[in-house]
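> Residue numbers (this note's numbering), protein chains in the order written: chain A, -19 to 262; chain B, 954 to 1167.
For the record, the hints were derived by calculation from the structure and aren't laboratory data. Predicted model only: the values in this text are computed from it and were never measured. Heads up, a few of these hints could be off.
[Stated by the list, open to error] Quick partial rundown of chain A residues pointing at chain B, CB under 7 Å, derived from the structure:
1) LEU187
2) GLY189
3) THR191
[What the hints assert, rightly or not] No more than 27 Å apart at the CA atoms, straight line, and that leaves these computed lysine-lysine pairs for DSS-like:
4) A:LYS180 <-> A:LYS35
5) A:LYS81 <-> A:LYS35
6) B:LYS974 <-> A:LYS180
7) A:LYS123 <-> A:LYS24
8) B:LYS1077 <-> B:LYS1056
9) A:LYS180 <-> B:LYS1018
10) B:LYS1018 <-> B:LYS1056
11) B:LYS1018 <-> A:LYS(-4)
12) A:LYS233 <-> A:LYS123
13) B:LYS1056 <-> A:LYS180
14) B:LYS1064 <-> A:LYS180
15) A:LYS56 <-> A:LYS35
16) A:LYS180 <-> B:LYS1000
17) A:LYS24 <-> A:LYS35
18) A:LYS56 <-> A:LYS149
19) B:LYS1056 <-> B:LYS974
Backbone N, C-alpha and C define an ideal beta-carbon position, used for all residues, glycine too.
Residues per chain, in single letters:
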Amino acid sequence: MRQLIRIAVEMWRAVKFELLPTFGSLLTIFLAMILPGIVWVASKNLSRAESELRKNLVMNVFLTGELSSSRADSLKNQFLRIGGVTGAGYVSRDDALSRMKARFGGEILEGLDENPLPSSFELRVTEAVLEPRAARALVTRLKAFPEVDDVVFAGELLSRLGKVLRSVKMLGYALALLVAFTAIFIVANTVRVAIADRRKTVEIMQLVGATRGYILTPFVLLGGLLGLVGAVISVFALAEISGYISRSFVLIKFLMPHEIVAFILTGLLLGMLGAVVARENI
Amino acid sequence: MSKHYGHRQAALTDISFSVGKGELMFLTGASGAGKSTLLRLLYLEEKPSSGAITLGPFNLSTITKEQIPILRRHVGVIFQDFRLIPERTAAENVALALEVVGKGRREIRRKTDDALRLVGIWHKRNNYPHQLSGGEAQRVAVARAMVNDPLVILADEPTGNLDEQNSRDLLALLRDLNLSGATIIVATHQVGLAREFGRRILHLLSGTLQGESR
């Protein structure tokens, strides 16, 4: 306890004449950490969207006309025999209309004399079909049926989403790396200034036999505290941004508690690392 | 032992002497004679270029960087410019020497108070260095130097910033400490003042030992 008080007092002494630069460092760390935080939240939500899409991977096979129940059953069995197709459901024109009304309201179809929607099959497919060549082969095969008018598949969208996701993740990694270096550099500079300011004190401490660890501990913890507070402010800002986007545009999922802890701990570690980098001054 | 900087600039040449336990010795010479360099070698701010220095159980020539703080806990140093930490009170400055060796709070309090009483500055224990006169600040520095019962107290021009009366008082204080058992080496250019104490005086001239007197 006595040691903790001593360290806290030394930390305060280290910054009390440098409040403005310390605040500046804190602000820079906050700004530096919020960028990868945004990318993290974005990639997390894109991943979620992608996995949702994967779970409901459906190929829509639009038919030229309405089928009788027996013909629909026979066609369904033929579809199920095709490799990559795991399920098939017939959607009659009436079913399609009721679905549309349920989704968008009846007004959208007002003024139309007859149901414009075609009948279709919804095929559940395996993830292997996501591969563009496999998807093309399946589409060609389905189109070969005389009853089939067109085939629409979200696989391409999914594969594009996957590419975007990979890019976002790469950007996240690059930013995280950049931020790690920036945070270390900023903290190292702040601690260097604090050490320089207390050069006389440090020399006197060395003179009376203080070890390097004794002298450095308050500075390392100061660095850690800067990183920690910077990260905490970033988390609050991220939560605000996420909340705003959720309220105004699209519902997005924020970081989980353990992810928040990891984010803050990263700030703490980067800060301490920055102070360790600055230790050469002692 | 010798100390030189580069090839030509010799700060100290073939210096050899010993100081007995409980001795008060003066080291005199003009500015640049090598007094401060000699003391810096003793508290390991620098290492000798050749030769060996032994301080109690420590061989300063073979000591490692990690061992330097340990040695310094056994050496009390007093400077002309006091070297007190400005944001600490007199008592806190003295206590620092005990804190770094990990003494308990009560022991720190007791020893700090004893040291401040001994140097006659206890009543100013809560004053900050800027609230002390030169003589008072130097007494605090003396208290800090002796509070750990060091093997030796090194005083580098301790009276350099003091008037004549304060200089005499300070040297008298060092003599009293010596009488109670402390080993003390005082570097000063004031030979006359040193002679008043009738103790051994080593004379340095341009980095060489010229002889000794009382």
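> Taking the hints in turn, state whether each one holds.
Hint-by-hint comparison with the structure:
Interface hint status for A:LEU187: upheld, as the beta-carbon distance to the closest one in chain B is roughly 6 Å, under 7 Å. Because the beta carbon of A:GLY189 sits about 4 Å from the nearest beta carbon in chain B, less than 7 Å, this interface hint is met. At about 5 Å, the closest approach between the beta carbon of A:THR191 and any beta carbon in chain B falls short of 7 Å, and the interface hint on this residue holds. Annotation: proposed proximity of A:LYS180 to A:LYS35 is violated, straight-line Cα distance about 65 Å (limit 27 Å).
The straight-line distance between the Cα atoms of A:LYS81 and A:LYS35 is roughly 25 Å, inside the 27 Å bound, and the hint therefore holds. The hinted pair formed by B:LYS974 and A:LYS180 fails the criterion: a straight-line CA distance of about 31 Å is larger than 27 Å. Taking the CA atoms of A:LYS123 and A:LYS24, the gap is about 37 Å. The hint is violated against a cut of 27 Å. Note on B:LYS1077 and B:LYS1056: the hinted pairing holds, with a Cα-Cα distance of about 23 Å set against a maximum of 27 Å.
At roughly 20 Å between alpha-carbon atoms, A:LYS180 and B:LYS1018 fall within 27 Å of each other, so this suggested pair holds. Straight-line distance between C-alpha atoms of B:LYS1018 and B:LYS1056 comes to about 23 Å, which keeps the hinted pair within the 27 Å bound. Only pairs whose Cα atoms come within 27 Å are accepted, and B:LYS1018 paired with A:LYS(-4) is rejected, the gap being roughly 31 Å. Of the supplied pair hints, the one linking A:LYS233 and A:LYS123 is violated, its CA atoms being roughly 39 Å apart against a limit of 27 Å.
Only pairs whose Cα atoms come within 27 Å are accepted, and B:LYS1056 paired with A:LYS180 is accepted, the gap being roughly 23 Å. Restraint check: the Cα-Cα separation between B:LYS1064 and A:LYS180 comes to about 24 Å, which is no more than 27 Å; the hinted pair holds. Between A:LYS56 and A:LYS35 the alpha-carbon distance is near 21 Å, which keeps this suggested pair within the 27 Å criterion. Between A:LYS180 and B:LYS1000 the alpha-carbon distance is near 22 Å, which keeps this suggested pair within the 27 Å criterion.
Distance hint between A:LYS24 and A:LYS35 is fulfilled; the C-alpha atoms sit about 17 Å from each other, no more than 27 Å. Between A:LYS56 and A:LYS149 the CA atoms are separated by roughly 40 Å; this puts the pair beyond 27 Å, and the hint is violated. Of the pairs offered as hints, the one joining B:LYS1056 and B:LYS974 holds, with about 25 Å between alpha carbons and a cut-off of 27 Å not exceeded.
Consistency note: the structure conflicts with the earlier hints numbered 4, 6, 7, 11, 12, 18.
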